[in-house]
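Chain by chain, the residues:
Number of protein chains: 2
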Amino acid sequence: MTRPAPDTAHPVAIVGAGLVGSGWALVFARAGLRVQVYDPVAEVRAGILPWARESASALAAVGLIEDVEAVMARLHVVDTLEAALDGATYIQESVFERVDVKSEISRAIDAVMAPNAIVGSSSSGIPASRFTQDCAHRGRFLIAHPVNPPHLVPVVELVPAPWTEAEALAGARELMQAVGQVPVTLSREIDGFILNRLQGALLNEAWALYDEGYAGLADIDATIAHGLGLRWAFMGPFETIDLNAPGGIVDYAARLGGMYHAMAQSRTPRAWPEETIRRAGEERREALPEAELAARRAWRDRALTGIAAFKKAGGLAP
Amino acid sequence: MTRPAPDTAHPVAIVGAGLVGSGWALVFARAGLRVQVYDPVAEVRAGILPWARESASALAAVGLIEDVEAVMARLHVVDTLEAALDGATYIQESVFERVDVKSEISRAIDAVMAPNAIVGSSSSGIPASRFTQDCAHRGRFLIAHPVNPPHLVPVVELVPAPWTEAEALAGARELMQAVGQVPVTLSREIDGFILNRLQGALLNEAWALYDEGYAGLADIDATIAHGLGLRWAFMGPFETIDLNAPGGIVDYAARLGGMYHAMAQSRTPRAWPEETIRRAGEERREALPEAELAARRAWRDRALTGIAAFKKAGGLAP
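One line per chain: the protein sequences are A and B, in this order.
Position 185 (the first sequence) corresponds to 1489 in my numbering; numbering is contiguous.
Position 172 (the second sequence) corresponds to 1476 in my numbering; numbering is contiguous.
Among the hints, erroneous ones may be present.
A pair holds if it fits inside one copy or across any two, identical chains being indistinguishable in the list.
Unchecked claim - Below, in silico cross-link-like pairs of lysine to any residue (SDA-like), each with a Cα-Cα straight-line distance of 20 Å or less: (1) K1616 - R1600; (2) K1616 - A1346; (3) K1616 - R1606; (4) K1616 - V1366; (5) K1616 - A1309.
The set of hints was computed from the structure by calculation and includes no laboratory data.
Assemble the whole structure, with the sequences as input and the hints as a guide.
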């Protein structure tokens, strides 16, 4: 993919700098942009630069970043929302995902943003229309939903509210391409967007199979981790089935569409059962004690770093 | 994982040697076993060894096979079912997936197999009870469903029919572990088993989103290929969500279970619409002309070979 060069004349603002916001800061700084990072919690602010240095070094170790110091020099942690937004033409908001919290920060951003700035929210499932309706610049707000952590997983879902200006959506898409992410643009809002609807559909079936005792968590996980997931690491579900029948996707649908339809009909949507969740929690904590969760997350991120490097080297990256 | 050593005193029989059966032949030969391969079509038989040599060489190029000639020396293409089964204690059947075809070959195998041999069928969704009921040795039959191609994707689903002997199931599991595959054992039959039920749930949602115009095929594919699929290449869906909330899987279910339940309720199961399939076919053939399907499958297999080597080197392989 030929990428446009990012506009380095204006800084990007990061509002909310937990794991998602910090990852975003690294995405933009890595691409050559000045980044102004704000979080209301002093402890969170204090952790941003050490985390960024460690993560940038890990990327440098596999050749995904050339100059760690140059990246770090572009990261500026600030103490106020105003300082973060100063001069920013793009603002990435990553606060806690609850409608009231998103509404409050959106109004605060709205009050100080440049009128032509674009605001992308990291919301993973709540559409922007539910928390930007009262903003004076609501035409400049949209969803820019990443996968955690955004500096290792490039996809970002762009979802316009009914009032999002086409130019704001186009601007966000261009920026995301310029900084090396993979923007996916939805035509309109839907709860969960695409990514989490696909994950949810798979999870709902996985919980049902576990609940009904067909297999344990580890065995169900293995069907993806050592099976389907290998193809999905570089091809989507449609290309996968397109290559999986002699005559392509239409041939595949003719051969197997009936089987998949019957499977869907065999299920009635229901909530994940409480008792089953409890049992799954016990099974997971036996496999991975709670004290080791953080270390396992670091393992996951190392693996994702390796996959990013592998895909880039093999021409499988976007 | 500590693996048992495979029993090299007895050959493995491959019955049906299209892409799936040929991949299986390579799996067993790579692990040190003598393999007797049979397919009723002379043209198919003639293609087995050239394909195996090319595939084994690709594995050798990334360090996944040491000695191509030694692997090739274990592959024996034979002209009759009897010759394939001669002395075999394990038989992998990979004929066309239709109940009548599976029934006929199962009866033929039944007539000449050693009474204590185990027969695994590569069926991707039809349970063994539908095509082994009339076999004298039906207690020795089960499903051993791989992902295509089996020599590059290690998972294999073992699904017992109600009459499958526990010892046959255990023997198949031990063999699969010994030859480097990742066996997943189901407690009982269900249409589509686990892997294709998970794939089907995701596909059904993907088709619905495409049908309703939320995004194009390529954008929906990108949410997996450059998003969820990166994690799923080495972690299953349950471990993924276990690491994706501060308190683990129970915490994740408390935070997001409601959202996923609402998504499921918003869908009524329906067949993939004909007109939408046709449109998807056109979109795919614009992205990848029919004449290039074979080359793209070869690209997929090279990528899978690379991922296998990457996972092995990084300690992410089973």
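Each hint tested on the structure:
1. K1616 - R1600: Between. Shortest inter-copy distance 18 Å satisfies the 20 Å Cα cut-off; intra-copy 24 Å does not.
2. K1616 - A1346: neither (37 Å within a copy, 42 Å between copies)
3. K1616 - R1606: both (15 Å within a copy, 15 Å between copies)
4. K1616 - V1366: both (10 Å within a copy, 17 Å between copies)
5. K1616 - A1309: within (19 Å within a copy, 37 Å between copies)
When each numbered hint is compared with the structure, a violation occurs for hint 2 only.
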